[in-house]
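**Q** The listed protein sequences derive, respectively, from chains A and B. In terms of the numbering used here, the first sequence is numbered consecutively and its last residue is 377. In terms of the numbering used here, the second sequence is numbered consecutively and its last residue is 125.
Think of the hints as simulated: they come from the structure by calculation, not from any bench. All C-beta atoms, glycine included, are put in the ideal place defined by N, C-alpha and C. Among these hints, one or two may not hold up.
In the BS3-like style, the derived pairs of lysine-lysine whose C-alpha atoms are separated by at most 30 Å in a straight line are [to be verified]: (1) K11(B) to K319(A); (2) K374(A) to K64(B); (3) K296(A) to K319(A); (4) K163(A) to K212(A); (5) K64(B) to K335(A); (6) K11(B) to K46(A).
Pair ranges (Cβ atoms, derived) [claimed, not checked]: (7) R288(A) to E97(B): 34 to 44 Å; (8) P223(A) to A35(B): 25 to 35 Å; (9) A345(A) to P110(B): 44 to 54 Å; (10) T22(A) to S93(B): 42 to 52 Å; (11) G318(A) to Q82(B): 41 to 51 Å; (12) A35(B) to P63(A): 52 to 62 Å; (13) A286(A) to S93(B): 35 to 45 Å.
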Amino acid sequence: MSTAPRLTALDAVHRALGATMTDFAGWDMPLRYGSERDEHIAVRTKAGLFDLSHMGEITVTGPEAVDFLNFSLVGNIGSIGVGRARYTMIVDADGGILDDLIVYRLGEAEAPEYMVVANASNAQVVLDALTARADGFDAEVRDDRDAYALLAVQGPESPGILKSLTDADLDGLKYYAGLPGTVAGVPALIARTGYTGEDGFELFVAPGDAEKLWGALMEAGEPVGLVPAGLSCRDTLRLEAGMPLYGHELTAELTPFDAGLGRVVKFEKTSQSDTFVGRAALAAAAERAETAPPRKLVGLVAAGRRVPRAGFSVVADGKVIGEVTSGAPSPTLGKPIAIAYVDAAHAAPGTEGVGVDIRGTHEPYEVVALPFYKRQK
Amino acid sequence: MSNPQQLRYSKEHEWLSAVVEGVATVGITEHAANALGDVVFAQLPEVGETVTAGETCGELESTKSVSDLYSPVTGEVVESNQDVVEDPSLVNSAPFEGGWLFKVRVADEPQDLLSADEYTEFSGS
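Bound conformation, chain B alone:
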């Protein structure tokens, strides 16, 4: 398992892409997807909703459990991934690609996100 270098990571196991024209993409890491098991239901924040860094903004349900989804960043949601809503297993099969969760117009970027190497050490994988 490798964590892409160009992303930054929260200790709640979300990743945040680089901000392009004010917008960044959010997903959960492969480590988190593996820990959840097969994801079967994703409740994602809706377009127009304001999410706050470190606060819950949805939930991911797997065979054995439900986990809160936290936002690694503060801002307004501009898109949520309907492919994942339709086929939640994308979170397992492509957590860093097709299994992204939502895009957010970034209002405030936390300074304490981890680099790929820091996250690898933090998560042990």
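With the rest of the complex left out, here is chain A:
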């Protein structure tokens, strides 16, 4: 088996732009084009253009597509309207999180069609799980990872940029909705989703159209400050927005209730049956969370300048009370920030005396509610 990294349809574009590339889940992806801080600030104040072609698309069709997805995922897929999207998760039989997902409903009731978008690092796991779980359902699971390139335009200028390139009704397109349309002459699924905390769009297109679309977006966006943006700033953007990342805040060792995301689990579904994979374990986890609160996911803001990293201990009174799951210098706040799981007793915003063990030194941190950053609407 070849271990050469996979290249996206935009690989030549990234190299022409002089991007610093990095291996990410087996893909060679742009980490940054210049300064990741400048890219971050551009997305917050103007707009950034991302290549997210490493994400894993899986199409589900067939008469029993809804029943199958309700059985396979923790959410109530039947309540998603046509053209809408939903954040959900797939868990194993023990309730452990296999991945967090966005499910787009594309087809009407007479021709059910859903697109499940998995994280690059978990796409194969999700595909295998869905394929196995489809047994007994009149539904088809199709690996569409190679069928799409994915471009994301994120930031306050993104609606204006996109409007100049499409006749699609963007004003009618709500957050977490998607519709088929044409952008710069390229057929695209236009979704108002993203992972940056900003308004923005994700455009699923054929790989052969990716370069043309990238060029058109850059041309339309450059006058208003659109810049290419890499995975490094994507991570600081999502961190400021308090959004979980698989492998950091979400793992197979945690149930959605342990991750503070129990609300995504729907025990009652619009299906023939309310049975779904992990149901019994999740019901027990929900009860545990009520009686013995698990560690809570909180935000930490540094008093000093040293940056907490994933895996560092959170301490209070010389004792370990939690663990950092993600940390980075926040370009928006101008201070290091972190997301951490901490014992419930120390989780309230404003709790005094909390620190992070940074290579042996206990640096003081303020406990805050997530997110660190919320855009003005």
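Given the coordinates of chain A, assemble chain B onto it according to the supplied hints.
**A** Same frame as chain A, but now just chain B:
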């Protein structure tokens, strides 16, 4: 990117200026600064501290990682760059100039530092 001819370079990507009246200046190369990404925190050796060639004497923190800072030379630190402590991005914007890190009274100069051309070949840039 070009590495100034008048400097010498370590394989840990520090540069060392010529020794003037016993004192030399230390920084990291543009190649190293680019590899780190945006530097956001610099812990530099303090005045009076003794640094040893090839050993760690501080750390540079960037968006994604923290890297040890090695000294290319042995001696006593006579100045650390407070401008960099205040504004670590100087390491990225001017690695060979305003982004210098510390000055050291040289006690022992290693013989294995690289010339600019050797370093360019070593680092590939």
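**Q** The structure should be examined with respect to each hint, and the outcome stated for every one.
**A** Cross-check of the supplied hints:
no.: 1; hint: K11(B) to K319(A); verdict: 40 Å, violated
no.: 2; hint: K374(A) to K64(B); verdict: 23 Å, holds
no.: 3; hint: K296(A) to K319(A); verdict: 17 Å, holds
no.: 4; hint: K163(A) to K212(A); verdict: 17 Å, holds
no.: 5; hint: K64(B) to K335(A); verdict: 14 Å, holds
no.: 6; hint: K11(B) to K46(A); verdict: 40 Å, violated
no.: 7; hint: R288(A) to E97(B): 34 to 44 Å; verdict: 59 Å, violated
no.: 8; hint: P223(A) to A35(B): 25 to 35 Å; verdict: 33 Å, holds
no.: 9; hint: A345(A) to P110(B): 44 to 54 Å; verdict: 53 Å, holds
no.: 10; hint: T22(A) to S93(B): 42 to 52 Å; verdict: 23 Å, violated
no.: 11; hint: G318(A) to Q82(B): 41 to 51 Å; verdict: 32 Å, violated
no.: 12; hint: A35(B) to P63(A): 52 to 62 Å; verdict: 54 Å, holds
no.: 13; hint: A286(A) to S93(B): 35 to 45 Å; verdict: 52 Å, violated
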